[in-house]
Amino acid sequence: MTMLLLALLTVATQPAGLLAQANAAPAVQEGPRTHEETQLERDTRRLAAELRCPVCQGLSLQDSPAELSQEMRAIIRDQLLAGKSVDEVKQYFVDKYGEWILLEPTPKGFNLTVYIAPMLLLLGGAGFLYVTARRWTRQGATTAGTEPAENRTAHVG
Amino acid sequence: MSIRRVLITIAICIPLIALLAFGLTRDPNEIPSPLPGKAAPEFKLVAMDGSADTVNLASLRGKVVVLNFWASWCLQCRDEHADLSMAANLYRERGVEFYGVLYNDQAANGLRWIEEMGGQSYASLLDPGSRTAVDYGLYGVPETFIIDQEGRVIRKKIGPTTVSELASFIDPLLTAGPQQESTE
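Those protein sequences? They're chains A and B, same order as listed. Mapping of the first sequence onto numbering that gives the first Met the number 0: residues 0 to 156, in sequence order. Mapping of the second sequence onto numbering that gives the first Met the number 0: residues 0 to 183, in sequence order.
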């Protein structure tokens, strides 16, 4: 009886096994396509992170859950799938929304101030600190030098 | 020494205050569109009323087209609805085509809204996936585009519009049209 049951089980599971094998075969063949999709997703994500969500405050398309952002991400994906390069898709959005759509403005013309001004301010601040600190130490040295001798000995003591 | 310090402080503060004051005069919600003056993005959209009619922008060459993006969930769209319907009636005889484009909304909601608002004197179109909206650089509703007889975007109006404002956009195009023809 047990033998009969085992035999039945083997017969019953065999087609399923064959089916699984049949399913597994195309999955192996689809390997390169999956890799391509990953590259596509990576490009979509990278570009979506560089573009501003038009209906949010300071969020990228990638970070925004807004419906328009989702649709814009779909447009990026579709245009990349259609063979456009990342730069071409980016240019499409700049043509429609202007430079405003770029979270990082292109470093040319007036935009350069955005890149240069912080460095100048940092350098100016460092210079100011250096000059002020030097003045303080010099003043400190001068007052220390003019201090009466008994005070100086009192400090040491 | 103290006067010098005051002068330096003023020299630093005045340009900063001037820059901030200039910033206050600008509307942060208004994004300058690169579209005016350029060819209007082509579209072929299906009518919202279920009639399966399609509207192709290319087939409207030679006419002034007013394209209004709206949604049933948009409060400001209520403010301009009567004006747009009235302007469409006023300019129909002069060959101006008005079209609404439903943005991020369902056709059933749009139809219900029109019924609530007492009708719409022009057709509205569906824009699945907001492809046309993004083509027009849309970032909210309502937005209205005025397209001239040669298919160029002349104006982009952000926010609700009025009959008089629409007239100020359309009239110069209608008067310029015959003049151009006469010179050719």
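Bear in mind the hints are in silico, worked out from the structure with no lab data behind them. Treat the hints with caution; some may be incorrect.
[What the hints assert, rightly or not] Quick list of in silico lysine to any residue cross-link-like pairs, SDA-like style, CA-CA up to 25 angstroms:
(1) A:LYS107 / B:ARG25
(2) B:LYS37 / A:GLU70
(3) B:LYS43 / A:TYR129
(4) B:LYS43 / A:TYR91
(5) B:LYS62 / B:LEU74
(6) B:LYS155 / A:ARG133
(7) B:LYS156 / A:LYS107
(8) A:LYS107 / B:ASP48
(9) B:LYS156 / B:PRO31
(10) B:LYS37 / A:LEU39
(11) A:LYS89 / B:ARG3
[As the list claims (entries may be wrong)] Sample of chain A residues at the chain B side, in silico, Cβ under 10 angstroms:
(12) CYS52
(13) PRO53
(14) GLU70
(15) MET71
(16) PHE92
(17) GLY97
(18) GLU98
(19) ILE100
(20) LEU101
(21) LEU102
(22) GLU103
(23) LYS107
(24) PHE109
(25) TYR114
Glycine included, every Cβ here is placed at the ideal spot set by N, Cα and C.
Review point. Where does the structure disagree with the numbered hints, that is, which hint numbers, in rising order?
Key: Violated hints (numbers, rising): 3, 5, 6, 7, 8, 10, 11, 20, 21, 22, 23, 24, 25; every other hint is consistent with the structure.
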